[in-house]
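Trainee: Going line by line, the protein sequences match chains A and F.
Each residue of the first sequence is one higher than the last, beginning at 1 in full-length UniProt numbering.
Each residue of the second sequence is one higher than the last, beginning at 1 in full-length UniProt numbering.
Just so you know, these hints were derived from the structure itself, not from any lab.
Cβ atoms here follow ideal geometry from the backbone N, Cα and C, with glycine treated the same way.
Watch out, some of these pointers could steer you wrong.
Short, incomplete list of chain F residues facing chain A, as computed with Cβ under 8 Å [unchecked claim]:
id, residue
1, I21
2, L26
3, V30
4, F33
5, L47
6, D51
7, T55
8, T71
9, L74
10, K86
11, T96
12, G97
13, P109
14, M138
The list that follows gives simulated cross-link-like pairs (lysine-lysine, DSS-like), each with its CA atoms no further than 27 Å apart [as the list claims (entries may be wrong)]:
id, chain 1, residue 1, chain 2, residue 2
15, F, K80, A, K101
16, F, K86, A, K33
17, A, K101, A, K112
18, F, K86, A, K112
19, A, K114, F, K24
20, A, K101, F, K24
21, A, K112, F, K80
22, A, K114, F, K81
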Amino acid sequence: MSFIIDYYNYWIVVFLMMAGFYIVISANNLVKKIVGLNIFQTSVFMMYISIGKVSDGSAPIVADGITTYSNPLPHVLILTAIVVGVATTSVGLALIVRIKKAYGTVEENEFKDKEDLI
Amino acid sequence: MALFIDLVLLGMLAIVALRVIFLKDLFAVVMLFGIYSFLSALIFVNLDAVDVAFTEAAVGAGISTVLMLGTLALTGREEKKNNHKKLLPLIVVIVTGAALIYGTLDMPPFGHADNPAHQHVAPRYIEESPKEIGLPNMVTSVLASYRGFDTLGETVVVFAAAIGVLSLLGGPRRRKDSVESGLTSHLVLRVVAKMLIPLTILFALYVQFHGDYGPGGGFQAGVIAAAAIILYALVFGLPLATHVISPVVLKILAALGVLIYAGTGVASLFLGGNFLDYNVLASDPIAGQHIGIILIELGVGITVFAVMLSIFYAFAEQSERTNIQ
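Based on the provided sequences and hints, a complete structural model is requested.
Mentor: So, in structure tokens, the structure goes:
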């Protein structure tokens with residue numbers, strides 16, 4: 001049992017990563033691909049935060065009577081990564097809007113066919 | 001108890017991710033993604049990362065979802081059926097997943113205090129930063145002071161993303177004829193929104209300036225303030241919102257935030273320190289650190305606010321144009 005608890009977080013993270021990865025490579029719709037990419041991204045965040053956790057630790061904000069804190073470094077890196085993530089996601093979504101304008105579709109196979117016609 | 005919550009929440013997350021794979025209705029997919037972000041925010045709280053949870057709830061569940069819905073309004077709601085072969089992706093995913101699971105077996109067990117990740121720089125941040133920087137929130141100390149250069153880079157990336165989106169979609173113009181649009185017939189919603197918006201902005205200011213002592217800071221405050229204006233735009237219409245804060249002002253603010261951040265670095269350079277070395281900003285190093293951190297958090301807050309709002313304006317303008325046609 002303790003073996004499962006020791007690795008449960010990492011296994012779920014791998015599962016989520018693979019779910020996101022599967023959506024990215026198998027989905028035909030570009031918006032869904034972006035959702036998949038975001039699921040992948042969030043699971044990577046969770047990986048880092050899991051590594052920073054200390055059992056019975058506390059949030060890294062100094063308070064009286066608390067001696068064990070979780071590792072603040074992953075928190076810093078992931079906090080900024082989330083904001084950068086939404087910034088890059090919005091660029092991706094803007095590209096999708098332009099693709100819709102140019103080809104009239106956001107289904108990958110359909111605009112590939114149209115590309116051949118041009 | 002914390003362990004049990006962890007097990008349950010992560011399980012729920014896996015179920016949501018599985019559901020996203022099979023759903024064809026993209027509106028439902030985006031809503032599920034919002035739920036996914038909220039669930040991960042809860043997990044982050046449970047794993048002691050309160051600052052991260054705050055950001056994830058504001059950014060992932062808030063702004064991302066709004067932007068994806070804006071895209072759906074322009075591209076259509078249904079994913080079309082396709083007869084692509086799904087076998088190859090599945091095999092690739094299973095093989096990669098198996099390799100990664102095999103890799104996790106060599107990782108140190110979850111949560112042990114003597115794991116390698118907690119041995120090197122973390123003890124220094126935990127033990128020295130309250131004395132050196134004088135702030136109770138170690139995340140803010142590391143973000144704004146020890147790794148200030150990193151954060152400057154990330155602020156510039158956010159700024160660059162705004163340039164990218166605006167050059168792809170074109171920003172909205174401030175219209176002189178403010179056509180009444182938005183939810184004109186929903187009186188209750190309009191009244192409630194008017195009461196909520198000032199409170200949201202007040203909360204954003206609290207998050208901005210209390211970030212040194214509790215969870216929060218420029219990134220979260222910027223997103224929350226942008227969310228307040230987005231709510232205004234949704235209820236009262238985009239033309240009125242562009243009268244409240246015009247797109248031109250936003251462009252200037254986005255650049256101003258980066259300028260404040262980099263300018264603080266240059267100021268400390270001229271006062272005889274290194275770039276972004278706040279110790280020289282005041283006669284007492286700790287007071288100098290305080291001034292520096294307040295300044296750069298302000299810069300981050302302004303840039304993030306302006307960028308998030310201009311991106312929203314750009315998407316909303318596209319939808320308005322399509323609606324008129």
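Trainee: Checked against the structure, which of the hints given earlier come out wrong?
Mentor: none
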